[in-house]
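Please model the entire structure based on the sequences and the hints provided.
The primary structure of each chain is shown beneath.
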Amino acid sequence: MDNGCAILPARILFVLPMEGISIIFILVLVALCAAAIAVFNRLIRARNACDNARGGVDANLMKRHDLIPNLIRLVKAYAEHEQETLRVVTRARADAIASLGTQVSPASEAQLSQALKLLEVRIEAYPELKASEHFDRLSRTLTEIEEQISASRRALNAHVMVNNNLVQQFPSHLIARAAGFRPRDYFSAQGIGRLTPESNGTTGRD
Amino acid sequence: MTDASIRGFEPAGADSPLGKIVSELEVWRRRAAKSFLLSLLGLCVCLLAAVLPIPLLFEFTPDTPGAMSGTVTAFMGQPLTGLAEFAVPAMFAWLIILPVTGIWLFRRFGLNRRRSYVHGYKARVLTALCRQHFPTVRYETGRGMPWKLLDESGLFPFASDVYYSEDRFSGRWGDTEVAFAEVVAQRQRRRLTSNGLKTVTETYFQGLMFIADFHKHFHSTTRLIPAGEDGARSVSEHPANFEDPRFEALFQTWTTDQVDVRYVLSSSMLHRFCELNGRFPGLRARLSNEDLLLLLPDGRDRFEPSLFRRADSSNQMSEFVADLRSILAIVDELNLNTRIWSKP
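Here the protein sequences come in this chain order: A and B.
Using the working numbering, the first residue of the first sequence is number 1, and each one after it goes up by one.
Using the working numbering, the first residue of the second sequence is number 207, and each one after it goes up by one.
In case anyone wonders, no lab produced these hints; they're calculated from the structure.
Be aware that one or more of the hints could be misleading.
Distance windows between CB atoms, simulated [unchecked claim]: (1) A:Phe170 with B:Val368: 30 to 40 Å; (2) A:Ala107 with B:His444: 53 to 63 Å; (3) A:Ala31 with B:Val368: 49 to 59 Å; (4) B:Phe364 with A:Tyr186: 22 to 32 Å; (5) A:Pro171 with B:Pro451: 20 to 30 Å; (6) B:Tyr410 with A:Leu32: 18 to 28 Å; (7) B:Ala455 with A:Phe170: 18 to 28 Å; (8) A:Gly20 with B:Tyr410: 52 to 62 Å; (9) A:Ile37 with B:Phe364: 36 to 46 Å; (10) A:Ala31 with B:Asp538: 39 to 49 Å; (11) B:Asp538 with A:Ser132: 23 to 33 Å.
Backbone N, C-alpha and C fix where the C-beta goes; we use that ideal spot for every residue, glycine too.
This is the structure in C-alpha cells:
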C-alpha cells in the first residue's frame with residue numbers, strides 16, 4: 001500500500017507528463033497560498049498587538065494626566081507662591097492630553113515630565129507638604145503609574161520589534177509591502193519624570 | 207535593616223540566655239556523642255564477630271572437582287554427625303542475629319540520640335540566635351514548606367515523588383514578609399536496563415525555597431526558568447522577551463500578561479535577577495498573587511549542628527548567623543524593601 005502511494009506521482013509523471021506537472025504546480029501554488037495566508041495573519045496579529053500595546057500606553061498616560069489635577073490642588077494649598085510652576089504643569093498636561101495617540105505624544109509627555117520634575121524641585125522647599133499623608137499617597141500612586149507607563153512602553157516596543165522584523169524581513173516583507181503594512185515607530189522614553197520624595201534617590205529604579 | 211543584622215556575630219557570654227542554653231546542650235551533646243561512638247563500636251564488634259569466624263569454622267567439600275561452592279562436611283575439624291549437624295543452622299542464626307542486634311543498638315543508642323540532640327539544638331539555639339540577631343524572624347521548629355508550593359509552582363515539568371523540607375524561618379525583614387526553608391525534592395523514573403525495568407530515584411531540586419511579599423501590586427503570573435530547561439506548560443502563559451541580553455541568556459520567561467510582567471520585572475529587576483543567579487546558578491522564580499517564590503539550588507545542608515563540635519562553639523553559631531544573613535540579604539539584593547509604590 002505504502003509503496004503504491006510512493007510511486008504514484010512518478011507513474012503519473014511518466015504516463016501523463018502534462019497532468020502530473022499541473023498537479024505539482026497546483027500543489028506548490030496551494031502551499032504558497034497557505035504560507036502567504038499564514039504570513040499575512042502573523043502580520044495582522046503583530047499589528048493588532050502593537051495597536052493594543054499602544055492603547056495600553058495611552059491608558060496609563062491618561063491615568064497620569066488624571067492624577068495631575070489632584071497634585072496641583074494639593075500643592076496650591078501648601079505653596080501659594082508656586083503659581084507659575086503650576087501653570088507650566090497645567091499647560092504641559094493640556095498639551096499632553098491633546099497629543100495623546102498622535103506622533104507628537106512622546107515629545108509632549110517628555111515636556112510634561114520635565115514640568116513635573118521642576119515641580120518636584122520646588123516642592124523640596126515645602127517640608128510640610130512633603131510630610132503630608134495625602135502627598136505621600138499621591139506621590140506613591142504617581143510613581144506606580146509611571147512604572148506602569150514604562151512597562152507598557154517596553155511591551156509596546158517589544159511588539160513593535162516583532163512587527164518591524166516581519167515587515168522588513170524576507171520573504172514576509174513581500175506580503176507586507178503588497179498589503180500595505182509599514183514599520184512602526186518605537187515609543188521613546190525621554191526621561192519620564194518622578195515625584196517620589198520618600199524614595200531616597202532610588203526613584204522608580206526598583 | 208536592623209542594627210543586629212549589621213553587627214557581626216557576638217559570642218554568647220556564659221550568663222546570657224544563649225550561653226545558658228548552649229552550656230546545657232553541651233552536656234547533652236557529650237552524652238549523645240559518647241552513646242553514638244559506643245554504639246558504633248558495638249556495631250563494628252557485632253559485624254566482626256559474625257563474619258570473622260566463618261572461614262575458620264567450616265570445611266567445605268566441593269561437590270564436583272573445581273567447583274567454587276560445596277557441601278559443609280565438617281565443623282571445627284570434626285565430621286558432622288549427630289547433634290553436631292545442628293551447628294550449621296546455629297551458625298546461620300548467629301550470622302543473622304549478631305548484625306541485626308548491632309544495627310538495632312546503633313540506631314537506638316547512636317542515631318536516635320544524635321537526631322534528638324540535633325533537633326534539640328536547632329529548636330533552642332536557632333530560636334535564640336534569631337531572637338538575638340534577627341528579632342523579626344523566627345525559627346519554626348519541625349516545620350518546612352508545604353510540598354504543594356513546589357508542585358503547583360509550575361517551575362518543574364513534573365511533580366515530586368519524594369519531598370522533604372525542614373528548617374523553616376519566617377517573619378518580617380524590613381518591610382517585607384519572608385519565609386524560607388530547606389527543600390529536597392526527588393522523582394522516581396522507570397528505566398529499561400539490561401536487567402529489566404528499574405525504578406531510579408533522582409534528586410531534581412535541593413536547596414532553599416524562599417517566599418517574599420513582592421513590593422508592587424500585580425495581577426499576572428510569571429515564571430522564570432533557566433534558559434534551555436523545561437517548566438510546566440500552561441495554555442494561558444506566553445513567552446516574554448526582554449531587552450537585557452544577559453537576562454535573556456540566563457532565563458526564559460513565561461507570563462500571563464505582557465505589560466504586567468514588564469511592570470514587575472523592570473530593567474533594574476532583570477539585572478538583580480542576573481546577579482542573584484550568580485550566587486545561586488539555576489535559580490527559578492514564580493511571581494503570582496503578589497508574592498515572589500524563589501527556588502535557589504545549592505547542595506548544602508544548612509543549620510545542621512555537628513555532634514563532634516562543642517555546642518557552645520562560636521564558630522558553628524557564627525556560621526548559622528552568616529547563613530541566615532546571606533539568605534535574608536536576598537530581600538535587599540532584590541530591593542524588596544523599597545516601598546515607594548502604593549503597596550504598603
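Indices of hints not satisfied (ascending)
Going through the list in order, the structure violates hints 1, 2, 4, 6, 10 and respects the others.
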